[in-house]
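Use these hints to put chain B onto chain A, whose structure you have.
Chains as they are written, first to last, in this note's numbering: chain A, 1 to 359; chain B, 1 to 359.
Errors might be hidden in some of the hints.
No copy labels: a pair is met if it fits in one copy or bridges any two.
What the hints assert, rightly or not - Mimicking BS3-like on lysine-lysine, the simulated pairs with C-alpha atoms at most 30 Å apart in a straight line are: (1) Lys224 x Lys185; (2) Lys170 x Lys349; (3) Lys310 x Lys282; (4) Lys185 x Lys257; (5) Lys178 x Lys348; (6) Lys164 x Lys185; (7) Lys339 x Lys328; (8) Lys285 x Lys164; (9) Lys178 x Lys338; (10) Lys339 x Lys285.
No wet-lab data here; the hints were simulated from the structure.
Chain residues, written in single-letter form:
Protein chains: 2
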Amino acid sequence: MRQTDKYAIIMAGGVGSRFWPMSTSEFPKQFHDMLGTGDTLIQHTFKRLNHSVPTENIYILTNERYDQLVLEQLPEISKEQVITEPAMRNTAPCILYASLKIQKQNPNAVMVVAPSDHWIEDEAAFTDNLEQCFTACAESDILMTLGITPTFANTGYGYIQYDKSEEVVKKVMQFTEKPDYATAKSFLKQGNYLWNAGIFIWSVSSITAAFEEYQKDMTHLFKKGNLVYNTEGEADFITQHYPKADNISIDYAILEKATNVYVKPAGFDWNDLGTWGSLYDKLDKTEESNAVVNARVLCEDACGNMIRTKANKIVVVDGLQDYIIVDKDEVLLIYPKKKEQDIKQVLKKVTEEYGAEFG
Amino acid sequence: MRQTDKYAIIMAGGVGSRFWPMSTSEFPKQFHDMLGTGDTLIQHTFKRLNHSVPTENIYILTNERYDQLVLEQLPEISKEQVITEPAMRNTAPCILYASLKIQKQNPNAVMVVAPSDHWIEDEAAFTDNLEQCFTACAESDILMTLGITPTFANTGYGYIQYDKSEEVVKKVMQFTEKPDYATAKSFLKQGNYLWNAGIFIWSVSSITAAFEEYQKDMTHLFKKGNLVYNTEGEADFITQHYPKADNISIDYAILEKATNVYVKPAGFDWNDLGTWGSLYDKLDKTEESNAVVNARVLCEDACGNMIRTKANKIVVVDGLQDYIIVDKDEVLLIYPKKKEQDIKQVLKKVTEEYGAEFG
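The shape of chain A in the complex, shown without the other chains (with noise of 0.2 Å):
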């Protein structure tokens, strides 16, 4: 494997509800320095895959609505690195279709499929553990995916449960979608299980012939594509082919029906900045255990709440406990983080009574 077989495919199309007001259809999270460090998230999952994949091989799979956004942010990139799709499809179909494009330029390629939006402390371990699947999937014919070592019984995790006898690179016995609390708890005493982060590495080569096999129409659909893409041509095509693709997860549609799915343990903590909660979890807190983005706080018998402002702005805060407190220009959320779940209402609720400009 030569360092120009490297590819990396950035998720980048998601809209990130539940971190409503600051996530928005127009300018979701990914977008956002979301723990005030700098960089927006996905300059810091850019950044991430970079050490590994050259600048030119990192493809950002995207809706047509944020292209401006993702050429802003990562100005190191071409325009032809930026593939959107023109209809809201799950991944699947547009993982295809990155994949035949690669496949095109580069028969040779192993690629990676990155979330945009995640958290990665420990970069060194990462790009370790992602060196390792790209050798394993340059010499086998499998499909990767990095698990997370989870740390209690989330229920709003994918599991996946692997081959307790093998070593370093394990096999995946089965996926389970966000299960219920008893069997999540179950699996965390079984001990081999982990979390789907949603990070996939294989060859093109083996990505294709799996959707050659569990997903021929899809497969067909695209194919079709093959004398056009990367050229000229590619996005008349994209236009009338795209749309007509299955709505359908690669997890659905390839991973839990090949029985060449390997899973490698992630040597990094992991944090999917799901929720307005987990971005508590992961930030440094104040003295009294606030975390604060931005602002400026005196609070006085306040603990436990996650504080996001503009730059600067100063925040009284006084007896609130465990409240999500997010500052926006034409918003202002205060809510409890126990309901953080439900934020995805509140912003159906503004955008039903308010207006869409809102959400």
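Okay, now just chain B, sitting in the frame of chain A:
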């Protein structure tokens, strides 16, 4: 008494720090549209007085730094109608100074002194009361005040005891500043006590005579300016002599001493808008008993809150009762209404910690 004999002095030098963060020393309460009516408090006050007093006879007493704010908000007045104090003093010096200026213009003047930042809903009743007082003061050598019928044993106000035996305009027996709760309760029970709203009416001849009798030094100090008042020499004289005046209130300097003080029980509802809580009391409430200025709210399990933002900001609040929620560009306050008296201390802490520009 001719129409042109009526004068008014609007007291507009205060800071209103319990209304922080809306009210700041840079931009105090009286210059804000606290109720979201479209007019600022000083504009309301001006219009209310202007029903009785000719525009050119209304003076604004304020601090030098609010000079421009006054002229912007009251474009109908001339520069000469803004009387600025070169040093912070209590009410007695500036009232004497203004009275001498007016007396020099019109020895037959009767005048009303009124705070710029109180709320009076019923302007017709106010005008009617004021006209009665003007007439009484034009006819007799008396000092008058409009007293507010107390609705509860408020310990933050001054009380005026009057002689029960008299009619309509009642002789004042005693002023009591901020009594304790038991005393305030006994006042209400006795029935001949009114709240001191700081609205005074008198002829210039009566008030200057009272100063002559009870504040000899101050009168001597300011009478030295009689030759230059309303001329080019006034500013220099005031800059030089004003700082020498005692820091003393009109209540203490004159009203508690004079024997010709009368009170007219006011026929209108009044609110001193002294705190966020008193503003809450004044405002219309939503179904959930929240008082909302400018914001568009989505409240769940949230009642009794005073919510104020810039125009049309979306505010989502869940689970908060009896809070003050005030959002300004650079400051967000989330504070229990029951602790509203502590907002002065909060302001102090914020300016100490983050800089005077926030106060």
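To see whether the hints hold, each was checked on the structure:
no., hint, result
1, Lys224 x Lys185, "neither (46 Å within a copy, 89 Å between copies)"
2, Lys170 x Lys349, "neither (45 Å within a copy, 57 Å between copies)"
3, Lys310 x Lys282, "within (19 Å within a copy, 32 Å between copies)"
4, Lys185 x Lys257, "within (25 Å within a copy, 81 Å between copies)"
5, Lys178 x Lys348, "within (23 Å within a copy, 50 Å between copies)"
6, Lys164 x Lys185, "within (18 Å within a copy, 79 Å between copies)"
7, Lys339 x Lys328, "both (20 Å within a copy, 26 Å between copies)"
8, Lys285 x Lys164, "neither (38 Å within a copy, 63 Å between copies)"
9, Lys178 x Lys338, "within (19 Å within a copy, 44 Å between copies)"
10, Lys339 x Lys285, "both (21 Å within a copy, 26 Å between copies)"
Comparing the model with each numbered hint stated earlier shows that hints 1, 2, 8 do not hold.
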